[in-house]
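Asks: In the order they appear, the protein sequences are chains A and B.
Read in order, the letters of the first sequence correspond to residues 17 to 419 in the working numbering.
Read in order, the letters of the second sequence correspond to residues 17 to 419 in the working numbering.
To be clear, the hints were calculated from the coordinates, so they are not data collected in a lab.
This structure is a prediction, so every number in the text was calculated from the model and none was measured.
Keep in mind that the hints are not guaranteed to be accurate.
Any copy will do: because identical chains look the same in the list, a pair fits if it lies in one copy or spans two.
Using 25 Å as the maximum straight-line C-alpha spacing, the simulated DSS-like pairs for lysine-lysine come out as follows [unchecked claim]:
id, residue 1, residue 2
1, LYS215, LYS280
2, LYS366, LYS96
3, LYS97, LYS366
4, LYS76, LYS37
5, LYS146, LYS359
6, LYS111, LYS304
7, LYS96, LYS69
8, LYS76, LYS251
9, LYS147, LYS260
There are 2 protein chains.
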Amino acid sequence: MLKNITHVRGFTCWGAHMGIKSKRRDLALIYSEVPASAAAVFTLNVVCAEPIKLSRNHIKDGKAQAFVINSGNANACTGKKGMEGAVAMAETTAKELKIAKEAVIVASTGIIGEPFPTEKVLEGIRESVKKLSNREIAGSLAANAILTTDTFAKEGFTSFTIDGTEINMGGIAKGSGMIHPNMGTMLGFIVCDIAISSKLLDQALRSAVDKSFNMITVDGDTSTNDMVAIMCNGKAGNKEITKKDANYNLFVSHLEKLCTHLAKLIISDGEGSTKLIEYRVKGAKSEKDARQVVRTVSNSNLVKTAIFGSDPNWGRIIAAAGRAGVTFDPEQLDLYLGTELNKLYPVLEKAQPVDGVRKKLEKVMKSSTIIILIDLNQGDAEAVGWGSDFSYEYVRINAEYTT
Amino acid sequence: MLKNITHVRGFTCWGAHMGIKSKRRDLALIYSEVPASAAAVFTLNVVCAEPIKLSRNHIKDGKAQAFVINSGNANACTGKKGMEGAVAMAETTAKELKIAKEAVIVASTGIIGEPFPTEKVLEGIRESVKKLSNREIAGSLAANAILTTDTFAKEGFTSFTIDGTEINMGGIAKGSGMIHPNMGTMLGFIVCDIAISSKLLDQALRSAVDKSFNMITVDGDTSTNDMVAIMCNGKAGNKEITKKDANYNLFVSHLEKLCTHLAKLIISDGEGSTKLIEYRVKGAKSEKDARQVVRTVSNSNLVKTAIFGSDPNWGRIIAAAGRAGVTFDPEQLDLYLGTELNKLYPVLEKAQPVDGVRKKLEKVMKSSTIIILIDLNQGDAEAVGWGSDFSYEYVRINAEYTT
Numbered sequence: 017m018l019k020n021i022t023h024v025r026g027f028t029c030w031g032a033h034m035g036i037k038s039k040r041r042d043l044a045l046i047y048s049e050v051p052a053s054a055a056a057v058f059t060l061n062v063v064c065a066e067p068i069k070l071s072r073n074h075i076k077d078g079k080a081q082a083f084v085i086n087s088g089n090a091n092a093c094t095g096k097k098g099m100e101g102a103v104a105m106a107e108t109t110a111k112e113l114k115i116a117k118e119a120v121i122v123a124s125t126g127i128i129g130e131p132f133p134t135e136k137v138l139e140g141i142r143e144s145v146k147k148l149s150n151r152e153i154a155g156s157l158a159a160n161a162i163l164t165t166d167t168f169a170k171e172g173f174t175s176f177t178i179d180g181t182e183i184n185m186g187g188i189a190k191g192s193g194m195i196h197p198n199m200g201t202m203l204g205f206i207v208c209d210i211a212i213s214s215k216l217l218d219q220a221l222r223s224a225v226d227k228s229f230n231m232i233t234v235d236g237d238t239s240t241n242d243m244v245a246i247m248c249n250g251k252a253g254n255k256e257i258t259k260k261d262a263n264y265n266l267f268v269s270h271l272e273k274l275c276t277h278l279a280k281l282i283i284s285d286g287e288g289s290t291k292l293i294e295y296r297v298k299g300a301k302s303e304k305d306a307r308q309v310v311r312t313v314s315n316s317n318l319v320k321t322a323i324f325g326s327d328p329n330w331g332r333i334i335a336a337a338g339r340a341g342v343t344f345d346p347e348q349l350d351l352y353l354g355t356e357l358n359k360l361y362p363v364l365e366k367a368q369p370v371d372g373v374r375k376k377l378e379k380v381m382k383s384s385t386i387i388i389l390i391d392l393n394q395g396d397a398e399a400v401g402w403g404s405d406f407s408y409e410y411v412r413i414n415a416e417y418t419t
Numbered sequence: 017m018l019k020n021i022t023h024v025r026g027f028t029c030w031g032a033h034m035g036i037k038s039k040r041r042d043l044a045l046i047y048s049e050v051p052a053s054a055a056a057v058f059t060l061n062v063v064c065a066e067p068i069k070l071s072r073n074h075i076k077d078g079k080a081q082a083f084v085i086n087s088g089n090a091n092a093c094t095g096k097k098g099m100e101g102a103v104a105m106a107e108t109t110a111k112e113l114k115i116a117k118e119a120v121i122v123a124s125t126g127i128i129g130e131p132f133p134t135e136k137v138l139e140g141i142r143e144s145v146k147k148l149s150n151r152e153i154a155g156s157l158a159a160n161a162i163l164t165t166d167t168f169a170k171e172g173f174t175s176f177t178i179d180g181t182e183i184n185m186g187g188i189a190k191g192s193g194m195i196h197p198n199m200g201t202m203l204g205f206i207v208c209d210i211a212i213s214s215k216l217l218d219q220a221l222r223s224a225v226d227k228s229f230n231m232i233t234v235d236g237d238t239s240t241n242d243m244v245a246i247m248c249n250g251k252a253g254n255k256e257i258t259k260k261d262a263n264y265n266l267f268v269s270h271l272e273k274l275c276t277h278l279a280k281l282i283i284s285d286g287e288g289s290t291k292l293i294e295y296r297v298k299g300a301k302s303e304k305d306a307r308q309v310v311r312t313v314s315n316s317n318l319v320k321t322a323i324f325g326s327d328p329n330w331g332r333i334i335a336a337a338g339r340a341g342v343t344f345d346p347e348q349l350d351l352y353l354g355t356e357l358n359k360l361y362p363v364l365e366k367a368q369p370v371d372g373v374r375k376k377l378e379k380v381m382k383s384s385t386i387i388i389l390i391d392l393n394q395g396d397a398e399a400v401g402w403g404s405d406f407s408y409e410y411v412r413i414n415a416e417y418t419t
């Protein structure tokens, strides 16, 4: 079995079935034996769920000791009773674990606007606290308990060495629809046994999320419940990282690697997704411009339906780039398509269509992984993002979600 | 038969089949016997089609005498040969009609990036000039010749009286997919026999388009080829409108009425559309805010798939409003749904869910026309827009477009 969050020193977890979902587990708990440095990023949606409001307050001190997450009900647009439910989740978790309620980060995911089943959730918390474990299976149960329309659990693990000390980092994520993260991002929970200051951990998380979870899209709908949170409990025994030195950079690079791994798993499980598409933009005037073009093209329904149908209708890619809200000279535009980064076919060169490329494109479009590279030829900035295609199955899943 | 553009004095037209499309007509020509005041708005997509570039120049003098439009090929991303084709369209039309080439407004719609079949198009122009007619059927042929994936032709007509003079106004439009106009907007051509200065006509058109074509969405993809153009040839014999008086306001109100009629026809024919949804936002701080919320919600794939599935999953409406990029207090939010404006059901009041509304919503969601009203309770500004739902059929149409 692959390593998971249970292989990070000083963390235990569980995933319980409390009955919000008919068959699958729906409550996850992740616990650090000791108080940990912690950071989190949240959805930028003006309308945000009750647990988001609560957790924003609880993370302010840069410390946490438990993540508690329910699935099946988003606890969003639930009014006062919803907030009472979120507070009860934190208080019950704190009481059962004998920690401060501010050390508990709460998250929810599922249907918006349904009454929140507080009592069921609290039962699930009590059961999970009793069963907390560092056996591998416990990590998998936690990863499964945060899923909604996902078809598989998303787990990742990486390890590296700092000054001779082995550092372990593991994470779980969920996401399949309503995915178009924006700063605050997907549901993702990462634990690490490194010692690092809260301040640097916050910067590291934001940097890694910007290049991973924030660069994926399934349907352009930013959720009310997005959150990525991390706890680092120092159990590895390294000298605490307190400045942006080589050790910090190594930590960030592994955090980004883990986040990108989880983000790509989410896209692979995109609702109705049949293909994974990598979008690359180079030659932009700024990284912001490059990211904006990636996000617009990867979110175009017309691009995504063409890719689902293996239709080499590349004009839609250019049309989407042009409406991204980024200023560029369209006469300088190059477009490449292919399945391998070092073997891309030119389709458009300086706005002139390349003759005789259609046959090659027809083959590319049938592949299950496709790379699209747009060179704006306006500067040196670039960005990479990932997206899914758009199928009948997406429509079916979302036409029948609550019924 | 309903009146159409042929009932506007001094205009003739035709729609020819030149063979870009296998069976349906693909070249439309609309001609004014005398030089006319003219105005046009164009796509804001950075990447725009060759005819858009040309027509932007030709409209600068506020005069025009002919609209020539081909369908089946967008003449976009076609490089130098594409521009040569657009210029040839204007020159051939001018030569055959014995008018200046700057008096010709050129438009194209269809597949992006395919070589432009200039010779076929020029043949179609020569044939159409010979057949120009003011018989009703000629208006219908023109309306049919500009269609692509549309399933029906979109025509409108209105008349009113200014100082005892009858004014006639007619228009045609096309649009079914790649519809998310932005300032510049859909393919629409309007003719009127009113006398009005070019300057005021330009202002009138922008005002009307902003509240009609710019408030519809099918899939959020702004085309490279969007254009709405109008010619007013003064054949009605009214005293020319040269200031913003009551006559100007009457003209604008009828222009807005005609544009809204055509815009709603486009939505009714949205690719795979099964329902027409009216989105209303009130209580916004500014009209810009209200419009932004309308556009974001009406463009949400999750809202549209839920409506297709008659799933009363109203939380998605709130989630989309929250990500519109507009600042508002989510605790003040009201949401209403229904099928008639004076009989809407409250769903959310001051962010508190209304009990027992689900049964009513289930009935509303099964209707073929649905009204969604969001009251932000932040100010006095409001906006209205229209959108389609999102079906399996949309995916099928767009997965198979060029193949």
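Asks: If the cut is 25 Å between Cα atoms, do LYS111 and LYS304 qualify within a copy, between copies, both or neither?
Replies: Neither. Shortest intra-copy (45 Å) and inter-copy (48 Å) distances fail the 25 Å Cα cut-off.
Asks: From the Cα coordinates, with 25 Å as the cut-off, is the pair LYS147 and LYS260 best called within, between, both, or neither?
Replies: Cα proximity of LYS147 and LYS260: none, with 38 Å in one copy and 76 Å across.
Asks: Could you figure out if LYS76 and LYS37 sit no more than 25 Å apart (CA to CA) within one copy, between two copies, both or neither?
Replies: Neither way: LYS76 and LYS37 sit 32 Å apart in one copy and 62 Å across, limit 25 Å.
Asks: Up to 25 Å between alpha-carbons, please classify LYS96 paired with LYS69: within, between, both or neither.
Replies: within (12 Å within a copy, 55 Å between copies)
Asks: Using 25 Å as the alpha-carbon threshold, which applies to LYS76 and LYS251: within, between, both, or neither?
Replies: within (22 Å within a copy, 71 Å between copies)
Asks: My question is about LYS146 and LYS359: at a cut-off of 25 Å on alpha-carbon distance, are they close within one copy, between copies, both, or neither?
Replies: neither (54 Å within a copy, 52 Å between copies)
Asks: As a check of your reading, is LYS366 near LYS96 (CA-CA no more than 25 Å) within one copy, between copies, both or neither?
Replies: Intra 57 Å, inter 11 Å, cutoff 25 Å: inter-copy only.
Asks: Under a CA distance limit of 25 Å, which applies to LYS97 and LYS366: within one copy, between copies, both, or neither?
Replies: Between copies only: 14 Å across chains, 58 Å inside a chain, cut-off 25 Å.
Asks: Checking LYS215 and LYS280: alpha-carbon separation at most 25 Å within a copy, between copies, both or neither?
Replies: neither (27 Å within a copy, 53 Å between copies)
Going down the numbered hints, you'll see the structure goes against 1, 4, 5, 6 and 9, while the others check out.
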